[in-house]
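Using the sequences and the hints given, assemble the complete structure.
Chains as they are written, first to last, in the UniProt record's numbering: chain A, 1 to 94; chain B, 1 to 94.
None of these hints come from the bench; they were simulated from the model. Careful: at least some of the hints might be erroneous.
Each pair may be met inside one copy or between any two copies, as identical chains are not told apart.
What the hints assert, rightly or not - Here are the simulated BS3-like cross-link-like pairs (lysine-lysine), alpha carbons at most 25 Å apart as the crow flies: (1) Lys31 / Lys8; (2) Lys24 / Lys73; (3) Lys80 / Lys31; (4) Lys80 / Lys57; (5) Lys73 / Lys8; (6) Lys57 / Lys15; (7) Lys57 / Lys12; (8) Lys80 / Lys15; (9) Lys9 / Lys73; (10) Lys57 / Lys31.
From a predicted model like this one, the values you see are computed outputs, not experimental measurements.
Residues per chain, in single letters:
Protein chains: 2
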Amino acid sequence: MNALLDFKKIEKISKALGDCYRLKIIEAIRKEQDWMQCGDIVDMLRLSQSTVSHHLKQLTDAELLIAERDGRKTRYMLNKDVFAGFAKFIQAYD
Amino acid sequence: MNALLDFKKIEKISKALGDCYRLKIIEAIRKEQDWMQCGDIVDMLRLSQSTVSHHLKQLTDAELLIAERDGRKTRYMLNKDVFAGFAKFIQAYD
DNA sequence: GCCTCTTATCGAAAATTATCGATAAATTCG
DNA sequence: CGAATTTATCGATAATTTTCGATAAGAGGC
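Now the structure itself:
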């Protein structure tokens with residue numbers, strides 16, 4: 001069951017997706033089929049750790065990613081429910 | 001048949017949707033079932049005409065809207081194909 | 001407790017975007 | 001042609017976002 005998203009959330013999600021690095025991040029996590037941690041993404045992108053952390057925060061604030069702390073690392077994974085809800089919203093214009 | 005959208009276009013579309021006024025614009029056009037012109041939207045939003053024109057440009061540059069000049073007015077309508085393509089892209093993460 | 005590993009936060013600078021008023025451009029009407 | 005209507009563009013300013021280095025915070029291992 002995917003949640004109904006209000007306009008504020010749609011705006012936040014759209015903003016979060018409106019950056020090429022953040023698109024690369026979600027794409028990479030999808031390809032991993034599972035999860036990635038911050039350091040993996042720092043290695044992948046040519047950005048500092050603090051910048052990557054910032055991008056991950058945008059994505060988790062928009063609930064596109066779920067952050068799960070495990071020991072000293074944080075596992076980031078896709079929140080498929082929110083992607084589904086967002087897709088549904090977009091389809092209303094189609 | 002909806003087009004396949006590359007990352008650059010996805011980024012542009014997401015950016016275009018990442019603003020509450022632009023979301024209001026597409027929603028209003030959808031409700032009209034047809035099209036709206038710039039002046040209609042100026043009346044609807046509390047923004048200057050030049051700002052509305054700017055927002056409409058973002059949306060048409062992202063190809064979410066089709067601008068069709070008719071006499072001295074411009075008809076803005078939804079580009080359903082692009083919405084469909086965008087929805088399809090999002091669904092890949094679901 | 002101390003050292004290491006991993007991520008988050010802070011503060012500042014640079015880059016981008018939003019907003020406006022003024023003005024130009026395109027078109028219709030008289 | 002001149003006036004009116006509608007939209008686009010320009011230039012400037014304000015607001016937001018991105019980026020970084022430095023540093024803090026949390027957790028595991030010795």
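Query - Ascending list of hint numbers which this structure does not respect - result: Failing hints, ascending: 5 and 9.
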